[in-house]
Amino acid sequence: MILPLIVFTPLFMAILAWIILPHFKPISTHILTTLGVGFSMILSIILFVPFFHFVPQTIELFPWIPLEGYTTYWSLKFDPLVGVMLFVVTTVSFLVHVYSTEYMSHDQGSSRFMMLISLFTFFMLFLVTAADFLQLFCGWEGVGLCSYLLIGFWFHKDSAIEAAKKAFIVNRIGDLGLIIGMAVIYYYFGTLEFTQIFDKLPTMINISLPLGFSLMDFITLMLFIGAMGKSAQFGLHVWLPDAMEGPTPVSALIHAATMVTAGVFLMVRCSPLLELAPVTKDIILLIGSITAFFAATIAITQNDIKRIIAYSTCSQLGYMFMAIGSGFYTGAMFHLFTHAFFKATLFLGAGSVIHAFSHEQNIKKMGDAFRHIPYTYAMMWIGSLALIGCPPFSGFFSKESIIHILSHTSGSIGTFAYLVSLFVAFLTAFYAFRLIFLVFHGKSNADDKVVAHIHESPSLMLFPVIMLSILAIFIGVMTYRLFLNPDVRFWVGSHVVLSPGVHYSLFDPVLLLPILGIVLAWLIYIKEFPINVFCKTHLTLIYEFLFTKWRIDELYTVLIINPIFSLANILWKMGDEKIIEGIGPKFLTQTTNYLGNKIKSLQTGYISDYIIVIFIFLVLLIPLIFFGSYK
Amino acid sequence: MSNTLPLLTILWAMPLMGFLGIFLMQKNLKNALDNSRNLALFVSCATFLFSVAIFFQFDSRLDIFQLVEKYSWLPMIGMRYHLGVDGISICFVLLSTFMSLIAVISSFHSIKTHPKTFYMNILILEFMLIGSFISLDMIMFFIFFEGSLIPMFMIIGLWGGENRVYASFKIVLYTLTGSILMLIAIVAISFQMGSTSIKLASHFNFSMDSQHFLFLAFFISFAVKTPMIPVHTWLPDAHVQAPAAGSILLAAVLLKLGGYGFLRFSLPMFPEACYTFAPFIQGLSVVAIIYASLVALAQTDLKKVIAYSSIAHMGYVTLGIFSLKHEGITGAMYQMLSHGVISGALFMCVGILYHQTHTREIKEYGGVVGSMPDFTVLFFLLTLGAIGLPGTSGFVGEILVLLSAYSSSLWLVVCAGGGIILGAVYSLTLFGRIFWGQIHNKKVKELVDIQGIEKIALVSLVLIMLVMGVYPKMLMRVFDNSIKDITSILEGISYE
Chain A
231 MILPLIVFTP LFMAILAWII LPHFKPISTH ILTTLGVGFS MILSIILFVP FFHFVPQTIE
291 LFPWIPLEGY TTYWSLKFDP LVGVMLFVVT TVSFLVHVYS TEYMSHDQGS SRFMMLISLF
351 TFFMLFLVTA ADFLQLFCGW EGVGLCSYLL IGFWFHKDSA IEAAKKAFIV NRIGDLGLII
411 GMAVIYYYFG TLEFTQIFDK LPTMINISLP LGFSLMDFIT LMLFIGAMGK SAQFGLHVWL
471 PDAMEGPTPV SALIHAATMV TAGVFLMVRC SPLLELAPVT KDIILLIGSI TAFFAATIAI
531 TQNDIKRIIA YSTCSQLGYM FMAIGSGFYT GAMFHLFTHA FFKATLFLGA GSVIHAFSHE
591 QNIKKMGDAF RHIPYTYAMM WIGSLALIGC PPFSGFFSKE SIIHILSHTS GSIGTFAYLV
651 SLFVAFLTAF YAFRLIFLVF HGKSNADDKV VAHIHESPSL MLFPVIMLSI LAIFIGVMTY
711 RLFLNPDVRF WVGSHVVLSP GVHYSLFDPV LLLPILGIVL AWLIYIKEFP INVFCKTHLT
771 LIYEFLFTKW RIDELYTVLI INPIFSLANI LWKMGDEKII EGIGPKFLTQ TTNYLGNKIK
831 SLQTGYISDY IIVIFIFLVL LIPLIFFGSY K
Chain B
439 MSNTLPLLTI LWAMPLMGFL GIFLMQKNLK NALDNSRNLA LFVSCATFLF SVAIFFQFDS
499 RLDIFQLVEK YSWLPMIGMR YHLGVDGISI CFVLLSTFMS LIAVISSFHS IKTHPKTFYM
559 NILILEFMLI GSFISLDMIM FFIFFEGSLI PMFMIIGLWG GENRVYASFK IVLYTLTGSI
619 LMLIAIVAIS FQMGSTSIKL ASHFNFSMDS QHFLFLAFFI SFAVKTPMIP VHTWLPDAHV
679 QAPAAGSILL AAVLLKLGGY GFLRFSLPMF PEACYTFAPF IQGLSVVAII YASLVALAQT
739 DLKKVIAYSS IAHMGYVTLG IFSLKHEGIT GAMYQMLSHG VISGALFMCV GILYHQTHTR
799 EIKEYGGVVG SMPDFTVLFF LLTLGAIGLP GTSGFVGEIL VLLSAYSSSL WLVVCAGGGI
859 ILGAVYSLTL FGRIFWGQIH NKKVKELVDI QGIEKIALVS LVLIMLVMGV YPKMLMRVFD
919 NSIKDITSIL EGISYE
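First to last, the sequence lines map onto chains A and B. Quick note on numbering: this note's numbering labels position 73 of the first sequence as 303, and the sequence is numbered without any gaps. Quick note on numbering: this note's numbering labels position 327 of the second sequence as 765, and the sequence is numbered without any gaps.
Hints were generated in silico from the structure; no laboratory data involved. Since the model is a prediction, treat every value here as computed from it, not as a measurement. Just so it is clear, CB atoms sit at the ideal spot from N, CA and C, and this is done for glycine as well. Hints are not guaranteed to be accurate.
Once the Cα atoms are required to be at most 30 Å apart in a straight line, the calculated BS3-like pairs of lysine-lysine come out as [claimed, not checked]:
id, chain 1, residue 1, chain 2, residue 2
1, B, Lys-893, A, Lys-255
2, A, Lys-387, B, Lys-801
3, B, Lys-554, B, Lys-468
4, B, Lys-922, A, Lys-430
5, A, Lys-387, B, Lys-550
6, B, Lys-880, B, Lys-550
7, A, Lys-255, B, Lys-883
Using C-beta positions, here's what the derived DEER-type ranges look like [stated by the list, open to error]:
id, chain 1, residue 1, chain 2, residue 2, range
8, B, Thr-714, A, Gly-723, 46 to 52 Å
9, B, Phe-651, A, Pro-853, 47 to 53 Å
10, B, Phe-651, A, Ile-841, 39 to 45 Å
11, B, Thr-738, A, Phe-817, 22 to 28 Å
12, B, Leu-500, A, Gln-287, 37 to 43 Å
Assemble the whole structure, with the sequences as input and the hints as a guide.
Written out as structure tokens, the structure reads:
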């Protein structure tokens, strides 16, 4: 069977690589893991290309957790939605594997790195092929774990350790939502399997919970909290920019193309539930637009090349959630699909840039590099054009379709989301081209030593980026009919709720906004109109606010982290060591000692004292003997 | 039953024979150390293998209690020599023999003073633990339950750290206070029933008033052992002061006596009282989870972090048991077994580190991965198990408990889930501080990676943890019928 081979080959190769790691040269593990993922990729393409022959199926492997009346199985589910994800994950993963063999070749832990990204690929595939929530959760945590280990890959750096921990913990906060969602689903539906849940939906519509939630609203809201953690939505996004501490291929694979889109995948998977949850859909729409907006505003002020792209990822994920919030699930999947390729192009291109500039990440210290690294330059252009939604590129089809649907979304939140999506399209163009102009044009701001050393990446690094950029150009035009045309039977059997088709026109006024953004970036950074200086000096407050990332990290430190640690200390020092210890053993021993000392003084040793005691007792006893027996 | 050999008595006598063997050894011989530890290893290994054989002898589809041995002992109070195992206790027997073996292995290099007495204590502790899991008579159970305290007292008091006297005093004070009440309750039951058989008592209809009293008496005793908030403070001290072997047995098996007691006594004997007190106990469990996790966060001592995390994990156990639902109890049972393996292994790891560096302060470490790569991988996997990542045994128990807790209240799930977040915080902080980062301690640079028998032991613990996490049915199949028996009693009450 093809499906188990796709999923388990990367795991097998990762384990094999781990076992042989100490005994062979690193290159052997590189080849092994890359071949493994390549094999998965070929099989996934075989499954994906004959679009019309999808046969939804579930392969049960062996039982996992027995619940009352229902046992969860380790199983592999296959339907069109899974097919899309398999294609994205294996393709990007394979290209990133190839890229990393060269990019990481000088690192001591390169074998460990390859093993971990292979393991990650396995967990991601395991996540998307899950047939029930528990297994999805297993993949969900597995990718989080690999992300943790890869962000903390350079474990000598304290910043990397902290970033890794932060990513894991913030994700865990989201996971709590997912767990609660699962508990509620299990309580009402008696099962955690997707198909069974969707089948039972009609009987569950009218149940309402305390606090005024309807059952569906509550469940989907909890699931959305889980998705917010993974997909870095506003509030739980804080880990994503810090995650850039990891090696660049990791950022491309995990923090742009695959893992962060798991939340979108989960929401699309649960679209039949969401359709019955209008309140949650509004919340998703709102959070999605806030995320898209806030991340884009931060991206325009940042100077770290990877962080700019990270915030851009955050912002694009916001678009996907806006699509979900307006019920346009296929559009969200489509944007996920195209975004994976162009964002991976951008990240790997950024990796080449960083490589060329001797590990410099600050774009203010770059410039005038296009002559030295022409291929990288071209790739970054392609990636950026796709990102801003320039017509023939893939981003155009997905993004324009989302904006198009948003323009028809009713309600005040819908209008708000539509306006935000337009404004963010403008901002996206601005920061994308700000990056390109500052890195590749203008005058060089780097050290002479660095400039002398600027060089194009080796072909093993260029090949994957070229492949990705080809995909970034053509994948949209190739597949948009498939994703967006409801007449095609592509989505049959996937339980994804379909939405009306979108008709494109090249003269959409929406297209003007990105052009405005490019022009503005060109004016400021090429023609050096001092608009940015004006903003910095006259709108200092806003600029500072954006530059410090809306001060959310500081806010969390003050509001959540510090109180928790002080509470922990208080509980330990006061609760355990003072109160419980004081009332428990200390009090007992001290009272025993005290009473012993007091009673000791009764034992005076004088016979006269004892006689008095005996006499008192006798006086007390005699009446008892006489009157006590009358009853 | 076809076999006539008193298998359980043999199993139970094996560590006792080992104890006598070491006792009869000459003390002043040069190779007393080697002799005693080799004999202890041999005996604990043989006991473990024998218990595995018994485990396979056990057929969960047959009777609830199997391999029963019954002889009259003190007829005037109805006491009998009554042994037998059901699906629950056979798992615990296996856990005790296995962890005793691990405890012996972990003391191979670390115990140099009075080795003879030390291994005698370990074996007698194993004897007591097996005894308490297989006895079906309350007085016998009480004797073993209490008896396990004596070798533990000795292990902490003689081979412990700098503050060992206070720690061993505290463990005795707490546990004794609890068990006096249990003794009173047992006497009361024996008066009412004319027998001290556990099997009889689980189908005996106690009156409502006496149920409340008896339940509370047993509850306090088991709560101290589990330990639940607020009677938990003996545990961190005991763990910190105990030598590695003591910590392993304490965390892995001794704490499980509390949970086992709930399953064996509280639930089947006093079902009405369980329903009365369950909300209160569930609340207390959630408080324990959050409280212990928070306190673990503030610790600077390696062993204390793991000790407090034990308290938090046992909070899931009591939460699950007192959900009084099949899934909750199954989850609690699984959580106990899983915690036995994981925390035992973690304390073994700490012992390995402590033996080489002689410090428990977290800030003294950092960058251990450089000198101990294999050890780091194993420790990390165990950390994942402690966090409860899916695929490890820790997840199975926790998720079952959480899924069943919703039927009581949403807030239980929210709070217990909050404990999961905090668990990740303190566990990963601990891992990051010890294994990652720069090396700033000369001793850390000189650390030697694990090898030999210790490595085999640790690797097998990790493998057990993973297998338990991926294919839990293997064990659940064994104790499922016994739990169904308990839940049928509970459900009989709830429908009346």
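Restraint check for B:Lys-922 with A:Lys-430, where alpha carbons must lie at most 30 Å apart: holds (28 Å)
So does B:Leu-500 sit 37 to 43 Å from A:Gln-287, Cβ to Cβ? holds (39 Å)
When you take the CB atoms of B:Phe-651 and A:Pro-853, is the distance between them in 47 to 53 Å? Cβ of B:Phe-651 to Cβ of A:Pro-853: about 35 Å, so the range 47 to 53 Å is violated.
Checking one constraint from the list: CA of B:Lys-880 to CA of B:Lys-550, max 30 Å. Satisfied? holds (24 Å)
Is A:Lys-387 within 30 Å of B:Lys-550, Cα to Cα? At roughly 39 Å apart (the allowed maximum being 30 Å), B:Lys-550 and A:Lys-387 break the hint.
Just tell me: holds or violated, for the beta carbon distance of B:Phe-651 and A:Ile-841 against 39 to 45 Å? Holds, since B:Phe-651 and A:Ile-841 (Cβ atoms, about 43 Å apart) stay within the stated range.
Going straight from one Cα to the other, do B:Lys-554 and B:Lys-468 come out at no more than 30 Å? It holds: about 12 Å lies between the C-alpha atoms, which stays within 30 Å.
How does the Cβ-Cβ distance of B:Thr-738 and A:Phe-817 compare with 22 to 28 Å: does it lie in that range? Cβ of B:Thr-738 to Cβ of A:Phe-817: about 27 Å, so the range 22 to 28 Å holds.
Between B:Thr-714 and A:Gly-723, is the Cβ distance one that fits in 46 to 52 Å? With Cβ atoms ~51 Å apart, the hint holds.
Is the Cα-Cα distance between A:Lys-255 and B:Lys-883 30 Å or less? holds (25 Å)
Does A:Lys-255 sit within 30 Å of B:Lys-893, going by the straight-line distance between their CA atoms? Roughly 25 Å between the alpha carbons, so the hint for B:Lys-893 and A:Lys-255 holds.
Sort out whether B:Lys-801 lies within 30 Å of A:Lys-387, counting only the CA atoms. holds (16 Å)
Hints 5, 9, counting from the list given before, are not met by this structure.
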